[in-house]
Every structure is written in structure tokens, then in C-alpha cells.
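Once you've looked at the hints, go ahead and assemble the two chains, each given alone in its own frame, into the complex.
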Amino acid sequence: GAGVSQTPSNKVTEKGKYVELRCDPISGHTALYWYRQSLGQGPEFLIYFQGTGAADDSGLPNDRFFAVRPEGSVSTLKIQRTERGDSAVYLCASTVAEGTGELFFGEGSRLTVL
Amino acid sequence: AQKVTQAQTEISVVEKEDVTLDCVYETRDTTYYLFWYKQPPSGELVFLIRRNSFDEQNEISGRYSWNFQKSTSSFNFTITASQVVDSAVYFCALSEEGNTPLVFGKGTRLSVIA
Chain Z
1 GAGVSQTPSN
11 KVTEKGKYVE
21 LRCDPISGHT
31 ALYWYRQSLG
41 QGPEFLIYFQ
51 GTGAADDSGL
61 PNDRFFAVRP
71 EGSVSTLKIQ
81 RTERGDSAVY
91 LCASTVAEGT
101 GELFFGEGSR
111 LTVL
Chain X
1 AQKVTQAQTE
11 ISVVEKEDVT
21 LDCVYETRDT
31 TYYLFWYKQP
41 PSGELVFLIR
51 RNSFDEQNEI
61 SGRYSWNFQK
71 STSSFNFTIT
81 ASQVVDSAVY
91 FCALSEEGNT
101 PLVFGKGTRL
111 SVIA
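Sequences listed follow chains Z and X, in order.
The opening residue of the first sequence carries number 1 in our numbering; numbering runs sequentially from there.
The opening residue of the second sequence carries number 1 in our numbering; numbering runs sequentially from there.
Chain X with its partners taken away, still in its complex shape (with noise of 0.2 Å):
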């Protein structure tokens, strides 16, 4: 069965500084997919990124980057000198092979201080 835990409940930082969100994953599949969305006090779920099993190159857009390691089960994500806009609710997600459909973890609240 999948499994996604974000052992991050809350997490506050002052702006400008970088921050780590950690994202652990669990499945039986060898090829599978995970996501980031974001979710600001609107309500409303923001996709981040998608990467699949095979591709466990690094990326980086703009402030954000995301760190996929196969070996610890891990896909990271950080965001660089953090803004109040940063502030929200983060999601990691794990979808596996036949388009099943995501699983989520329970999420960290990123609290950006000013």
C-alpha cells in the first residue's frame, strides 16, 4: 500500500531564510510518481511539481528546488530565502503506476515572519 508522511506538523522561519519541507514515501511499485502542491489560506491546492520513479535528477525553479532520493525513499523540497508569501499549507503526494489516483500526506504549515 502507498504511504506518504510529512513528519513536519508546523514549521516558522523569518523571512529570508531557507527552509526544508521532508517528504518520505512508501510503495511496492517500481515505477510511480510524486508531487508538491501548495495549499494558501484560500483553500484552493497549487500543483508544484510531478517527477517519476526513473527520473532522480534534482530540480530547481526559481526559488524552489526539489531533492528525490530513491535510497532513503525521500523526495525533499526547499525553498530559498523564504517570503510571507511562502506562507501555506504544503502537500507531498504519491501516485502509483495505472493512474491511480494521489495520496497525499497530512501536510506542513510553513509559517513565513516578516
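In isolation and in its complexed conformation, chain Z is listed as follows (with noise of 0.2 Å):
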């Protein structure tokens, strides 16, 4: 398809377990973010790539979390030992300038930490 998809759209898991959710961003995007949204909440940022490398991981919350993107296209979001805490929606974006605020946003991944 043309837009950012993102899988798996529902993910279930047990308290502890490893989880990876996936972006693929619109070809040709060389910016990529990845952002969590709670309920009743807006989207809090997590990470940002630009190109291959991590432009900005200041909005991750512990090392339990980790992104990879490692040819500069496709990304995966890394949660390792999930908390029950970590039960949100994990957006993904992508834009082909960085800095304009024009994100290009998928479906998102629902995760459940039981």
C-alpha cells in the first residue's frame, strides 16, 4: 500500500515476555518516528530515526525499550521484559522532511500486557 503500515495491528502478551512491533514507512521517507499513545492521552514521543541512525531516543523510557532501522527503511520497536505499563498503542510516522510536522502516521500497533 502507499502509507505507513504497521505490524501486528492487536499484539497480546504476558507480563515479562519480549515484544517487536513493525514500520514500514512510505518508500522514500527518510525520517521515521515512533510515538505511544495511552488512552485518553495524545501521542508521546519515543524516537526518532533519520536515515539509518537514531536522530533523537530521548523520549524513551527505560532500556528496556530499543528501535532498529537498519537499512534506513523499515523499523522495528523493541520492548523487552513488558510491564503491564507498557499496554498502549505504539504509532509509527514517517515524513520525507524532516522538521515539518507533516507526519505521514500508520494504524498504529495495540499492545496488551497482561
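Source of the hints: derived by calculation from the structure; they are not laboratory data.
Hints should not be assumed to be uniformly reliable.
Once the Cα atoms are required to be at most 27 Å apart in a straight line, the calculated DSS-like pairs of lysine-lysine come out as [claimed, not checked]:
1) Z:Lys78 x X:Lys106
2) Z:Lys11 x X:Lys38
3) X:Lys3 x X:Lys70
If you want it as C-alpha cells, here you go:
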């Protein structure tokens, strides 16, 4: 498709498990962002990539969270030792022009930690 | 530190009524950017508008209009003659100079009743 694709759309896991969430941005978009959205809240910034490198990871809540973008396209958000508080919708966005704010978002991956 | 406040958590209007969504922001920068995004039930955030801090002209796009007032640090969004399809959560966001990631407000849920 032409938009940002995120998989899985829904993930239910048990506390303590490892989870990977995948984002496939729009072709040609060099900047990729991860946000987290809890119920009734606005999206909160986690990390963004310019190409393959993490340009700003200041939003990652702790060292259980990690993200990669090895080839400058697809990105994977990895969460180790999941906790119930990690339950949220994880949103990915991409843009062709970094800093313009015209982000194109995917539909998100809803993570539920039991 | 940057902050966005959307005081209205939920608004309900009858179709064809006009409705204004409020947004108040805080920033220490003189150069910054303000945004509105729409999040329909599908979950995918859709970009609506971007304004920079040096352009206080109000903008109109069809039934949508935006009122930017630096004196009150507000960037309000008005929908004229609302329609059921306008039902969504609307987020105001701010980005400071230097390509900082967007900071979102908590959103306003708009319900337009036929």
C-alpha cells in the first residue's frame, strides 16, 4: 500500500515477555518516528530516525525499549521484559522532509500486556 | 519546556452547528510550529495544518478555519457547519525550532450527531 504500514495491529502478551513491533514507512521517506499513545492521551514521542541512525531517542522511557532501522526503511521497536504499564497503542510515522511536522502516521499497533 | 493544553476533553454538537476547538501552548522559543491533527476511529492520525510562529494570518480551508493569536498563545480550530464525518479526536501539537519532535495535547473528542 501507499501508506505507513504497522504490524501487528494487535498484540497481547504476558508480563515479562519480549515484543517486537514493525513499521514499514512510505517509500522514499527518510525520517521515521515512533510515538506511544495511552488511552485518552495524546501521542508521546519515543524516538526518531534520520536514515539508519537514531537522531533523537530521548523519549524512550527506559532501557527495556530499543528501536532499529538497519537499512533506513523498515523499523522495529523492541520491548524487553514487558510490564502492564507498557500497554498502549504504538504509532509510527514517516516524512520526506524532517522537521516540517507533516507526519504520515500508520494505524498503530495496540499492545496489551496481561 | 514546551506544552500544549486542550482544555476541552469532549464536545458534542448537532450536525450543521459550528464548533471551535481550543488549543493553548507554551514555549520559550521565538520560532516554533503549530499543528492540528485529526484521529478518526480507525486510529490513523491525519495532518490538517501547520503554522509557523511568524505567520499569524488566519487560515481557511473549506469548512475548516484556524485562528492563531500569539498574544494569548492560542491556536484555535473552528469547523463550520459540522458533519457526522467530522467526528474524531483532534490533536493540537507544537514543535520548537531545530526539528524537535512534535509535542501533542491530550486531544478533544468531537462527536457530531445527525
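> Taking 27 Å as the top limit, are the C-alpha atoms of Lys78 (chain Z) and Lys106 (chain X) close enough?
Replying inline: 25 Å, holds
> Does Lys11 (chain Z) pair with Lys38 (chain X) here, judged by a C-alpha cut-off of 27 Å?
Replying inline: 24 Å, holds
> Going straight from one Cα to the other, do Lys3 (chain X) and Lys70 (chain X) come out at no more than 27 Å?
Replying inline: This hinted pair holds, its Cα atoms lying about 15 Å apart.
Comparing the model with each earlier hint shows no violations; every hint is respected.
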